[in-house]
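**Q** Read off the chains here:
4 protein chains.
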Amino acid sequence: MSKAVQTAVMGVTGYAGAELARLLVRHPRLKGATPVFLGRAEASRDAKVPTLGEIHPHLHDSHGTGNLPVEPFSFELMEDLGVEVLFLATPHELSRELVPQARKRGIRVIDLSGAWRLEAGENRAVYRFEDEGSADALQMQAEAVYGMPELHRAAIHGAGLVANPGCYATSVILALKPLVQAGLVEVEHGIIADAKSGVSGAGKAPTAKTHYMYAADNLSAYGVFGHRHTGELLEQLELPADGIIFTPHLLPIPRGILSTIYVRFREEMTSAAIEACYARFYAHSPMVRLYGTTLPQIQQSVRTNYCDIGFQLAKDGRRAVIVSCLDNLLKGAAGQAVQNLNVMYGWAEAEGLE
Amino acid sequence: MSKAVQTAVMGVTGYAGAELARLLVRHPRLKGATPVFLGRAEASRDAKVPTLGEIHPHLHDSHGTGNLPVEPFSFELMEDLGVEVLFLATPHELSRELVPQARKRGIRVIDLSGAWRLEAGENRAVYRFEDEGSADALQMQAEAVYGMPELHRAAIHGAGLVANPGCYATSVILALKPLVQAGLVEVEHGIIADAKSGVSGAGKAPTAKTHYMYAADNLSAYGVFGHRHTGELLEQLELPADGIIFTPHLLPIPRGILSTIYVRFREEMTSAAIEACYARFYAHSPMVRLYGTTLPQIQQSVRTNYCDIGFQLAKDGRRAVIVSCLDNLLKGAAGQAVQNLNVMYGWAEAEGLE
Amino acid sequence: MSKAVQTAVMGVTGYAGAELARLLVRHPRLKGATPVFLGRAEASRDAKVPTLGEIHPHLHDSHGTGNLPVEPFSFELMEDLGVEVLFLATPHELSRELVPQARKRGIRVIDLSGAWRLEAGENRAVYRFEDEGSADALQMQAEAVYGMPELHRAAIHGAGLVANPGCYATSVILALKPLVQAGLVEVEHGIIADAKSGVSGAGKAPTAKTHYMYAADNLSAYGVFGHRHTGELLEQLELPADGIIFTPHLLPIPRGILSTIYVRFREEMTSAAIEACYARFYAHSPMVRLYGTTLPQIQQSVRTNYCDIGFQLAKDGRRAVIVSCLDNLLKGAAGQAVQNLNVMYGWAEAEGLE
Amino acid sequence: MSKAVQTAVMGVTGYAGAELARLLVRHPRLKGATPVFLGRAEASRDAKVPTLGEIHPHLHDSHGTGNLPVEPFSFELMEDLGVEVLFLATPHELSRELVPQARKRGIRVIDLSGAWRLEAGENRAVYRFEDEGSADALQMQAEAVYGMPELHRAAIHGAGLVANPGCYATSVILALKPLVQAGLVEVEHGIIADAKSGVSGAGKAPTAKTHYMYAADNLSAYGVFGHRHTGELLEQLELPADGIIFTPHLLPIPRGILSTIYVRFREEMTSAAIEACYARFYAHSPMVRLYGTTLPQIQQSVRTNYCDIGFQLAKDGRRAVIVSCLDNLLKGAAGQAVQNLNVMYGWAEAEGLE
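Chains as they are written, first to last, in numbering that gives the first Met the number 0: chain P, 0 to 353; chain R, 0 to 353; chain V, 0 to 353; chain B, 0 to 353.
Treat the hints with care, since some could be wrong.
Copies of the same chain look alike in the list, so a pair counts if it fits in one copy or across any two.
Straight-line C-alpha distance at most 30 Å; calculated DSS-like pairs for lysine-lysine [stated by the list, open to error]:
{"hint": "1", "residue 1": "30", "residue 2": "47"}
{"hint": "2", "residue 1": "208", "residue 2": "314"}
{"hint": "3", "residue 1": "30", "residue 2": "2"}
{"hint": "4", "residue 1": "47", "residue 2": "208"}
{"hint": "5", "residue 1": "2", "residue 2": "208"}
{"hint": "6", "residue 1": "47", "residue 2": "203"}
{"hint": "7", "residue 1": "176", "residue 2": "314"}
{"hint": "8", "residue 1": "103", "residue 2": "208"}
{"hint": "9", "residue 1": "176", "residue 2": "30"}
{"hint": "10", "residue 1": "203", "residue 2": "2"}
{"hint": "11", "residue 1": "314", "residue 2": "2"}
{"hint": "12", "residue 1": "314", "residue 2": "103"}
{"hint": "13", "residue 1": "176", "residue 2": "2"}
{"hint": "14", "residue 1": "314", "residue 2": "30"}
{"hint": "15", "residue 1": "314", "residue 2": "203"}
{"hint": "16", "residue 1": "30", "residue 2": "208"}
{"hint": "17", "residue 1": "47", "residue 2": "176"}
{"hint": "18", "residue 1": "2", "residue 2": "103"}
{"hint": "19", "residue 1": "176", "residue 2": "103"}
{"hint": "20", "residue 1": "103", "residue 2": "30"}
These are computed hints drawn from the structure, not numbers from a lab.
No experiment lies behind these values; they were computed from the predicted model shown.
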């Protein structure tokens, strides 16, 4: 048996980082090499490092994950331990900084931030990256593969830098790609993606919007005509700039995304034809579950790495409502990152994800 | 001062009936005549009648509403008491039965069910009314006024039968009517109304879908391309049959509706022009709050009779996202019923509603 | 008719302050004099002052409360306007500072903080007041009346400084006082008060504990053997230091407190005798609702100023479980403050509270 | 390697049954023999049997558990398949009926209902079993072992009938047993167990109490001085009939139990001594996590099979508050049932549970 792959995770204090830690520790292919968990380097290396269980009490256990230390970030430590793959669950600014350094050292990176997902400058503009246009940035952008295995399996397999997709973007792209690529959708008409996400999508920082009193018993739309994930939709679906309206909403639930998507078809369709189009596209994609004309619900995909897709066709055969659900922390973040790891190493795509 | 108007409410066991009871008991114009509460007639008139507080513990109080009896339904009782206005918070089948009888006795009716809201037979089909086409039914349909004061104030003032609008319908119609009536919306393009409602909208009967475990931490779409309120949208907005796609969702909150509505304009618009259009239309409508380009949230209208409306315009000036919020039990049901009562008697429209 | 009483509220940015603003604006006895809302004085007096609706969007309305300005705190302004009563919905440190100044100017104060509730130094210790023992502090402590009308009606009527009780304390004291004062409870045995509160009790500041992800789908105990409200229980119930164990819990709901209280009786009791004891004590207290042997639930008192009390007696007649519910922002804070105002001016105790 | 153990589960339609199905399908020791799922026998054997995924959409998947059939209950089928262990996730009446039949056929049974948990007739009285006193019932009662491995590991290993404990009972017994058995607790003083459970504990049937509108934003106590689990507490902790007051509450969360337990010690204790007592008792119990003087929270044990225990000691060293948390569907039901299976077969106690 070959040597186990040594992985590291930078940024385990957030929700996605915690999920990633949980998944990697239990991953059957990584049994021989405990993942290394890394946090901000500010803490002196002499100071007592916290354990994962101290940071995330729900990962506390008598004998496993919870006792693993969270070391200050250091390329030296990674070199010493022979880290092959580095996961970044960090803010995008930090990913812009760390990725070029990691690549120079030959470490493969799976970056969960929005730092390297976008090809077109006008789509990246919303992030206001400070290193925009630098040699490092240009090279990384050229190298980065959009980490959605269902669309880019082969490229991910050989990739040095995988840009793990946004949670909303995953739910909308997977629902639309088969139909759009088959040329069925009248894209000139415009697509509507009305998406709703649980509060974990808003991050762990306590803010006015993540306060229980704001989120509970409420629903609010935000980022209308300007959410960062819009660029991913445009690029991956190859849509014109006004080809889709994407409206996120904050749901009073901990986790889960449901996107309700409205398309017009070029020609009259049947439900069977639509089902067949999806089935063909996802024939070899174990992490997409097709519901046919039944509509999935958030509860069914939460705590799984599945993206669930169903639809309903209008009587005229020209208009459809597509509903797509996933867990924003799994298929929308940490789970998809592990799926990408599996693809990079040629393992079964669902390993460690069920 | 003139004699107080005697009112009665049939069907106080449900959520809308309870809100109605609460509002009528406290209504300043009804002080001289305690509203009569009525329930199913099956119970023998000799049996001890329950009090409102026994049916709705939250209406329990030491000295007021909670002690009022809920009498078995009876036209004789209403006649004895001189009931002028009967509110029906009953299933639509029962409203179809009771309304013609009430009208023959000269009682004015505000019906909260879907029984008399629709003019066109094809829109009514979804209800499968047993008396469809009967003389009584035809007469009631002719007489019924759609009870949305912002659209039909004058007709409501003189009406014998007011068909109180559906909760979803209220939120969508109020958001769209000013723009559609002004001819600004490209209706041929199709409008999308993606609506989300709290669980009280699903009624008080314990069912698989109202079970806490189904609704909590979940979101689900339902009634796609076939919800009963669609007919109200088509008729009140005068749209062609395929002019709007209306998709309701079940939100994990007790009450409140948020509708996210997508329209295309015939010509390039400015936000100011849209604001002006709304302001003109609702200049004399105290129960609509205009948020301009700020988007309202569910929490802000819950437990009020307001419908809150805001919007965002795309840079191209041709596409807009409109967000409309209201409390499904108040502006979406009992509150609007009281608003209609106020209009019928020429009282200030917001009386008893603040 | 006499001149309207001019009131002011300092600290309207928090949840209790917002409720207070809402109640005072609608209070029938205050119609002639709009309450003055005050906030931190840091903002220059020249700067545009925010409106209440800007601070609390749910108080936004087209024509009322929402448009009222929130002025920087100033005794001069209060003097100019003839403020008679000042409500303080401020942190206790600030109340310690402002109250002596207000009293010197002859303004009557209703303080919602914990600054002046406690008589015994050992109970105050947990607050670590900086001015402990100063002349001003001693005088204010001597003057302060514990603002629970059901216990101290007469003293509140004439009081210059009313220390509005803590939310938990209100729920526990009202449930126990009648039984303890009648000598029925075996206090040496020890009383247990297991209390649960909604998240608004934790304040408006975004913290790790008020984050939706922490509070939702969770329950946690805190402040065991050390919560600040314990001193209020000891003093108002005249218990020895170890006479009660009070354990608060954070409930995943926006508002409401339920306290489950365990007592042992000196002698065998009947339910009827217990009911009679409560009925006697609260005969003239309109804001306490007695449920007898039915147990109240949080939903029934939320958004009311009632404290609901019920109990169950063990077969041995010696042990009882008492359940007491109230809304932490109303009877537990702003509502009780208004009730105290009513008592101070000799108005009906429930005025403006129904 | 020995032949795989063939298991069957009767009653997979409920929440505990669904969890059991999920756990058994993934259990590493059961890989060679797919568990058999059984439902009510009423359905004709010819009729198409439903799949697990049809009954529980969240168990829907493309390739696994969801496609397993749910056969009508039949001992013949079990005999044909060589079922060794039958899990009953059935109402207690049905368990009383099926268990004697299964035992006569030599099938080992793990019964999740309350049918066989209690030894003393006075504790069983609350269930009103129809077969009380019959020869079968007496024999089964004699044979039944209370299925809490932490207390009865050896007896469970050889048991033919394991009575899986109640969810509340598990949380209270595990928190108290070490201290009570060591003689530290002054049981004559009386113990208080104030317990709070999520809604899944109330079962899958839609009722007025499981309606979202009843449970959400609410908290209610129930079953005071009469809950069925009380007998388990008395027997397993060997307490006198009035030795404990157990008060359950319905929490607005899907799953999880938190019990706040109040004890008085015979002598002055230190926290260290209490910690040592727990540590000794649970030294070989992998499914109990000891938090020392930190208090566990519901979120930390939900979706695990752990029971988390922490405590706080009063300054007098005589009174303690113990907090115990678990997932009512796992350690409180299906997880503990699998733990019992592991003990019965001498496998590692935590297998298939992490």
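**Q** None of the hints should be skipped; say for each whether it holds.
**A** Okay, the hints, checked on the actual structure:
1. 30 with 47: within (26 Å within a copy, 43 Å between copies)
2. 208 with 314: Result: close only across copies, 26 Å inter versus 41 Å intra.
3. 30 with 2: both (10 Å within a copy, 27 Å between copies)
4. 47 with 208: Only across copies: residue 47 and residue 208 sit 25 Å apart there, 33 Å inside one copy, limit 30 Å.
5. 2 with 208: neither (46 Å within a copy, 43 Å between copies)
6. 47 with 203: Within one copy, since 23 Å is at most 30 Å while 34 Å is not.
7. 176 with 314: both (23 Å within a copy, 26 Å between copies)
8. 103 with 208: Neither. Shortest intra-copy (39 Å) and inter-copy (41 Å) distances fail the 30 Å Cα cut-off.
9. 176 with 30: The answer is neither: 35 Å in one copy and 37 Å across copies each exceed 30 Å.
10. 203 with 2: Neither. Shortest intra-copy (36 Å) and inter-copy (48 Å) distances fail the 30 Å Cα cut-off.
11. 314 with 2: Neither, since 57 Å and 55 Å both go past 30 Å.
12. 314 with 103: neither (56 Å within a copy, 41 Å between copies)
13. 176 with 2: neither (37 Å within a copy, 47 Å between copies)
14. 314 with 30: neither (53 Å within a copy, 47 Å between copies)
15. 314 with 203: neither (44 Å within a copy, 32 Å between copies)
16. 30 with 208: neither (39 Å within a copy, 35 Å between copies)
17. 47 with 176: So residue 47 and residue 176 fail the 30 Å test inside a copy (48 Å) and across (36 Å) alike.
18. 2 with 103: Close inside one copy (23 Å), not across copies (53 Å); limit 30 Å.
19. 176 with 103: neither (34 Å within a copy, 58 Å between copies)
20. 103 with 30: within (27 Å within a copy, 45 Å between copies)
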